[in-house]
Amino acid sequence: MQWTYQASKKPSAAFVSDWLEAGTALVITEDLEKAGRLKEVEFKDEFDTVWTKKELKRLLTEVEEEPQDVSVFFDGGYQKQEGLAGIGVAIYFRQGKKFWRLRANLKLEQLESNNEAEYAAFHEALRQLDELGVHHQSCVFKGDSLVVLKQLSGEWPCMEESLNKWLDRIEAKLDKLKIIPVYRPIARKDNQEADRLATLALEGKAIFSKSEIAGSKEPYPQ
1 MQWTYQASKK
11 PSAAFVSDWL
21 EAGTALVITE
31 DLEKAGRLKE
41 VEFKDEFDTV
51 WTKKELKRLL
61 TEVEEEPQDV
71 SVFFDGGYQK
81 QEGLAGIGVA
91 IYFRQGKKFW
101 RLRANLKLEQ
111 LESNNEAEYA
121 AFHEALRQLD
131 ELGVHHQSCV
141 FKGDSLVVLK
151 QLSGEWPCME
161 ESLNKWLDRI
171 EAKLDKLKII
181 PVYRPIARKD
191 NQEADRLATL
201 ALEGKAIFSK
211 SEIAGSKEPY
221 PQ
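In this text, residue positions in the sequence shown follow the UniProt record's numbering: the first is 1, and each later residue adds one.
Hints in this document: simulated from the structure, not taken from any laboratory. Just so you know, these numbers come straight off a predicted model, no measurement behind them. Honestly, I wouldn't trust all of these hints.
Restricting the straight-line Cα-Cα distance to at most 35 Å, the calculated cross-link-like pairs of lysine-lysine (DSBU-like) are [to be verified]:
| id | residue 1 | residue 2 |
| --- | --- | --- |
| 1 | 34 | 107 |
| 2 | 107 | 173 |
| 3 | 176 | 80 |
Cβ-Cβ distance ranges computed for the label pairs, FRET-style [as the list claims (entries may be wrong)]:
| id | residue 1 | residue 2 | range |
| --- | --- | --- | --- |
| 4 | 165 | 30 | 45 to 51 Å |
| 5 | 18 | 171 | 25 to 31 Å |
| 6 | 138 | 83 | 32 to 38 Å |
| 7 | 58 | 98 | 32 to 38 Å |
| 8 | 159 | 24 | 41 to 47 Å |
| 9 | 174 | 16 | 45 to 51 Å |
| 10 | 199 | 34 | 43 to 49 Å |
| 11 | 207 | 15 | 46 to 52 Å |
| 12 | 18 | 79 | 23 to 29 Å |
| 13 | 58 | 146 | 38 to 44 Å |
| 14 | 37 | 171 | 30 to 36 Å |
| 15 | 209 | 59 | 26 to 32 Å |
| 16 | 59 | 113 | 38 to 44 Å |
We put the CB at the ideal spot given by N, CA and C, even for glycine.
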């Protein structure tokens, strides 16, 4: 949020805030307006799009019932002798005042390594986000493959052609959905749900479910 502060009988001064949730930025704006200290204001999102107060209020109304606060767990498993991979995805999100969990898995052929299975799981997570209607927001992606997350973030180079193809597909999907990824490596013990889904896929047990999470003030796994 960027605004011009108008002090009484003194020159005005321009300020730029830290990153804020859109709703919080609007509350602060209205407080400054009530105090008579706000001369003009504009809002800028992570994509450098500039919004007026009226435009931002309309946007918040439109997206109120869309998925928000998205947290994704992903995992992939690979059986080298059989040439089979299992991938698992668990997505937690808020929609309106309700919290939801989506679980999905797939058994895949023609992959070459466990790392490729991890990439495939990440791509499947993006496909599920697209189906949910998630777009133009930050999403947290949690996995126990440090190699994959570091390569996705650009911190580590990716030298394998097969993995670079997945990187290109993932980057294209993120760009299409205008999702800003937040990569968060976690320990394997904290990724048991996605790991179990991947294992069930390898056992031939397909899972797809979307269920409401009720009775919890902190519905997301830490």
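These are the hints, each one checked on the structure:
Using a Cα cut-off of 35 Å, the hinted pair residue 34 and residue 107 is violated, with the two alpha carbons roughly 58 Å apart. Only pairs whose Cα atoms come within 35 Å are accepted, and residue 107 paired with residue 173 is accepted, the gap being roughly 21 Å. About 33 Å separates the Cα atoms of residue 176 and residue 80, which keeps this hinted pair within 35 Å; it holds. At roughly 49 Å, the beta carbons of residue 165 and residue 30 sit within the given window of 45 to 51 Å.
About 27 Å separates the C-beta atoms of residue 18 and residue 171, a value consistent with the hinted range of 25 to 31 Å. Taking 32 to 38 Å as the suggested C-beta distance range, the pair residue 138 and residue 83 conforms, at roughly 36 Å. Between residue 58 and residue 98 the CB atoms are about 23 Å apart, so this pair departs from the stated range of 32 to 38 Å. At about 43 Å, the CB distance of residue 159 to residue 24 agrees with the hint of 41 to 47 Å.
For the pair residue 174 and residue 16, the supplied restraint of 45 to 51 Å is violated, since their beta-carbon distance comes to about 26 Å. Restraint check, residue 199 to residue 34: a C-beta distance of roughly 56 Å breaks the suggested window 43 to 49 Å. The given range of 46 to 52 Å is respected by residue 207 and residue 15, whose C-beta atoms sit roughly 50 Å from each other. Between residue 18 and residue 79 the beta carbons are some 47 Å apart, a value that contradicts the proposed interval 23 to 29 Å.
Look at residue 58 against residue 146: about 42 Å separates their beta carbons, and that is inside 38 to 44 Å. At about 43 Å, the CB distance of residue 37 to residue 171 disagrees with the hint of 30 to 36 Å. Take residue 209 and residue 59: their Cβ atoms lie about 31 Å apart, and the range 26 to 32 Å holds. Distance hint check: the CB atoms of residue 59 and residue 113 are about 42 Å apart, consistent with the given range 38 to 44 Å.
Hint violations for this structure: numbers 1, 7, 9, 10, 12 and 14, all remaining hints satisfied.
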